[in-house]
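Protein chains in written order, with the numbering used here: chain A, 1 to 371; chain B, 1001 to 1148.
Hints in this document: simulated from the structure, not taken from any laboratory. Keep in mind the model is a prediction, meaning the values are calculated, not measured. Certain hints may be false.
Capping the alpha-carbon separation at 20 angstroms, the derived lysine-lysine pairs in PhoX-like fashion look like this [stated by the list, open to error]:
| # | chain 1 | residue 1 | chain 2 | residue 2 |
| --- | --- | --- | --- | --- |
| 1 | B | Lys-1137 | B | Lys-1079 |
| 2 | B | Lys-1033 | A | Lys-301 |
| 3 | A | Lys-301 | B | Lys-1005 |
| 4 | B | Lys-1033 | B | Lys-1079 |
| 5 | B | Lys-1081 | A | Lys-301 |
| 6 | B | Lys-1005 | B | Lys-1039 |
| 7 | A | Lys-55 | B | Lys-1137 |
| 8 | A | Lys-187 | A | Lys-264 |
| 9 | A | Lys-268 | A | Lys-237 |
| 10 | A | Lys-294 | A | Lys-90 |
| 11 | A | Lys-268 | A | Lys-41 |
| 12 | A | Lys-187 | A | Lys-175 |
| 13 | A | Lys-55 | B | Lys-1005 |
| 14 | B | Lys-1039 | A | Lys-301 |
| 15 | A | Lys-213 | B | Lys-1039 |
| 16 | B | Lys-1033 | B | Lys-1058 |
| 17 | A | Lys-294 | A | Lys-213 |
| 18 | B | Lys-1039 | B | Lys-1079 |
| 19 | A | Lys-268 | A | Lys-55 |
| 20 | B | Lys-1005 | B | Lys-1058 |
| 21 | B | Lys-1033 | B | Lys-1081 |
Residues of chain B placed beyond 12 angstroms of chain A at every Cβ, according to the derived structure [claimed, not checked]:
| # | residue |
| --- | --- |
| 22 | Glu-1004 |
| 23 | Ala-1029 |
| 24 | Glu-1036 |
| 25 | Thr-1070 |
| 26 | Leu-1102 |
Where a beta carbon is used, it is the ideal one built from N, C-alpha and C, also for glycine.
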Amino acid sequence: MFQEVGTTEMGDLIINVGPQHPSTHGVLHLVITLNGETVKKVEPHLGYIHRSIEKMCESLTYRQFIYVTSRMDYLSSHINNHACALIVEKGLQIEVPQRAQYIRVLLDELTRIASHQLWWGAMAMDVGAITPFFHAFREREVINDIMEQTCGARLTMNFMVPGGCMYDIHPDFVKSVKDFMAFFRSKLSEYDEMVTNNPIFQARMKDVGVISKENAISYGCSGPVARAAGVVCDVRKLSPYDVYSQVNFEEALETEGDCFARYKVRMKEMNESMRIIDQLIDNIPEGDFQAKTKAVLKLPKGDYYTNVETARGDFGVYIVSEGATTPYRIKFHSPGFCNLSALDHMTRGSKIGDLVAIMGSLDLVIPDIDR
Amino acid sequence: MIQEKLLSICPAAVFEENTQWPTMNIDSAEWRKLAEALKNENDLAFDYLFCVTCVDWKTHLTMVYHLSSTLHRHTIVVKAKIADRNNAIIDSVYNIWATAELNEREAYDLFGVHFTNHPDLRRLFLSEDWVGFPLRKDYEDPINMIKL
Chain A
1 MFQEVGTTEM GDLIINVGPQ HPSTHGVLHL VITLNGETVK KVEPHLGYIH
51 RSIEKMCESL TYRQFIYVTS RMDYLSSHIN NHACALIVEK GLQIEVPQRA
101 QYIRVLLDEL TRIASHQLWW GAMAMDVGAI TPFFHAFRER EVINDIMEQT
151 CGARLTMNFM VPGGCMYDIH PDFVKSVKDF MAFFRSKLSE YDEMVTNNPI
201 FQARMKDVGV ISKENAISYG CSGPVARAAG VVCDVRKLSP YDVYSQVNFE
251 EALETEGDCF ARYKVRMKEM NESMRIIDQL IDNIPEGDFQ AKTKAVLKLP
301 KGDYYTNVET ARGDFGVYIV SEGATTPYRI KFHSPGFCNL SALDHMTRGS
351 KIGDLVAIMG SLDLVIPDID R
Chain B
1001 MIQEKLLSIC PAAVFEENTQ WPTMNIDSAE WRKLAEALKN ENDLAFDYLF
1051 CVTCVDWKTH LTMVYHLSST LHRHTIVVKA KIADRNNAII DSVYNIWATA
1101 ELNEREAYDL FGVHFTNHPD LRRLFLSEDW VGFPLRKDYE DPINMIKL
């Protein structure tokens, strides 16, 4: 699979980046063809963390398969679980109690903030600034503590189940979230001072890795990558699930399609997530946190598709059911996979140093791509 | 309305009933012609291919394409039946939707579907010397057990 490092007849240099390389954020392997310092071609080699999750799910019941999905996009594990819970609820027409819907959306948005915080730190580190990483992790730690308090896990949460949530929230949940919001609000302006307004950072990001609106659509990009190119694609707006239809928030859109536009979209999204949390946190209704469901779940024969907006984009679950207790075929459409497929297009013609900035701005999570 | 339009392009297509989105079943030979119409006709304009997958029905394979239009905001599901499981061939649509290139490689890797005219049809996740196609229903591998 590795290509020999060497020079082709055309005088091009072929180098391997990864699978163990700090800027790939995981086991991604890229074979890069270089002409001097200019990138001619980027070819991703995948599969270093391929676990065949889709095949595994074919022998797991509709209650069990949800837990595997936390291991795909581990930075959006709540949101992945949410998608799986939604598809089972859709198939069995389960009415989810209001309280559970509120809790789920709150946790989704906290997850999104935590994911974007990590990305922000890593993004700055990729272009040479070390300090922001520690700032980001300090703030993210508070969310991790809230997650631990709520569901016992800090990374691979398994909290959302068909019909609602597994447990009720911790008695201190509302207070912890409010404390975090007050704390983070002051920090977010620091983020702008430290990184966003930094001229060196902007010079590294502007007009780098440009993708047009048409190409973003053609490559199937979603999430901040597509929205930075002006594609209206927020699933929370287009087909709202749970209580997203009742909250006010704006879809973050930019038109430049470069790394800095992707950066701005994610920064805006953190603000919008906080806006959503503000609207919900004081109004969590009383009642059940889980609907009554049968012990054994069987989806009626047919096919089902549900998508949600994770921190990386449009995550879809496609289930073909034959009426048994396990899915006949399950497909996870991961946002990172399509965003990665546009990497070659974005990088061609730019310098090798920009490749790292472009990859950082795509916010790839490799287990999500490999599945 | 869309249904009539699509039937005029593919008279042999069969629409499923009671589905989330209009779902049409076609034969794999008609896929390329239909795909071009879906992308290029102004009132269809399906420019966003958001899910490409394959289903093994033991007797035949089915490629499932989920498409939507960012212009008209409508969605369609196309199921292309590949009758011969041992010699599964379907046209590639990588030059209609760029995302298909990598997604078709995935389907080739895990299901053994050959996409004609695909520029770079190789294994994607598994190594080059891997034997068999893991997501097929008759795939057995006693060493790397993926059934739980």
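Consistency of the hints with the structure:
Taken as a hint, the B/Lys-1137 and B/Lys-1079 pair is honoured in the structure, with Cα atoms around 19 angstroms apart against an allowance of 20 angstroms. A threshold of 20 angstroms between alpha carbons decides the hint, and for B/Lys-1033 with A/Lys-301 the separation of about 30 angstroms lies outside it, so the pair is violated. A C-alpha spacing of about 28 angstroms is found between A/Lys-301 and B/Lys-1005, which places the hinted pair above 20 angstroms, so the restraint is violated. With a C-alpha separation of about 14 angstroms, the suggested pair B/Lys-1033 and B/Lys-1079 falls inside the 20 angstroms cut-off, and the hint holds.
Simply put, B/Lys-1081 and A/Lys-301 have alpha-carbon atoms about 19 angstroms apart, close enough for the 20 angstroms limit, and the pair holds. Only pairs whose Cα atoms come within 20 angstroms are accepted, and B/Lys-1005 paired with B/Lys-1039 is accepted, the gap being roughly 13 angstroms. For the given pair, A/Lys-55 sits about 9 angstroms from B/Lys-1137 by alpha-carbon distance, which is consistent with the 20 angstroms threshold. For the suggested pair A/Lys-187 and A/Lys-264, the alpha carbons sit about 16 angstroms apart, so the restraint of at most 20 angstroms is met.
Proximity of A/Lys-268 to A/Lys-237 is assessed by CA-CA distance (about 15 angstroms); at most 20 angstroms being required, the pair is judged to hold. Note on A/Lys-294 and A/Lys-90: the hinted pairing holds, with a Cα-Cα distance of about 15 angstroms set against a maximum of 20 angstroms. Between A/Lys-268 and A/Lys-41 the alpha-carbon distance is near 32 angstroms, which puts this suggested pair outside the 20 angstroms criterion. Restraint check for A/Lys-187 and A/Lys-175: satisfied, since their Cα atoms lie roughly 19 angstroms apart, inside the 20 angstroms limit.
Annotation: proposed proximity of A/Lys-55 to B/Lys-1005 is violated, straight-line Cα distance about 37 angstroms (limit 20 angstroms). The hinted pair formed by B/Lys-1039 and A/Lys-301 fails the criterion: a straight-line CA distance of about 30 angstroms is larger than 20 angstroms. A C-alpha spacing of about 16 angstroms is found between A/Lys-213 and B/Lys-1039, which places the hinted pair at or below 20 angstroms, so the restraint holds. Using a Cα cut-off of 20 angstroms, the hinted pair B/Lys-1033 and B/Lys-1058 is violated, with the two alpha carbons roughly 27 angstroms apart.
Proposed proximity of A/Lys-294 and A/Lys-213 is contradicted: the alpha carbons are some 46 angstroms apart, above 20 angstroms. In summary, the hint linking B/Lys-1039 to B/Lys-1079 is supported, as the alpha carbons are separated by about 16 angstroms, within the 20 angstroms threshold. Between A/Lys-268 and A/Lys-55, the direct Cα distance comes to roughly 37 angstroms. Violation of the 20 angstroms bound is thereby established for this hinted pair. Proposed proximity of B/Lys-1005 and B/Lys-1058 is contradicted: the alpha carbons are some 32 angstroms apart, above 20 angstroms.
For the hint pairing B/Lys-1033 with B/Lys-1081, the CA-to-CA distance comes to about 15 angstroms; that is within 20 angstroms, so the pair holds. Separation of B/Glu-1004 from chain A is adequate, the least Cβ-Cβ distance of about 23 angstroms exceeding the 12 angstroms criterion. A cut-off of 12 angstroms between C-beta atoms confirms that B/Ala-1029 is not in contact with chain A; the least separation is 23 angstroms. Distance check on B/Glu-1036: its Cβ is at least 14 angstroms (rounded) from any Cβ of chain A, clearing the 12 angstroms threshold; non-interface status holds.
Against the 12 angstroms criterion, B/Thr-1070 falls within the reach of chain A, whose nearest CB is about 6 angstroms from its own CB. At roughly 4 angstroms, the least C-beta separation between B/Leu-1102 and chain A is not larger than 12 angstroms, which violates its mark as non-interface.
Of the numbered hints given earlier, the model fails hints 2, 3, 11, 13, 14, 16, 17, 19, 20, 25 and 26; all others are met.
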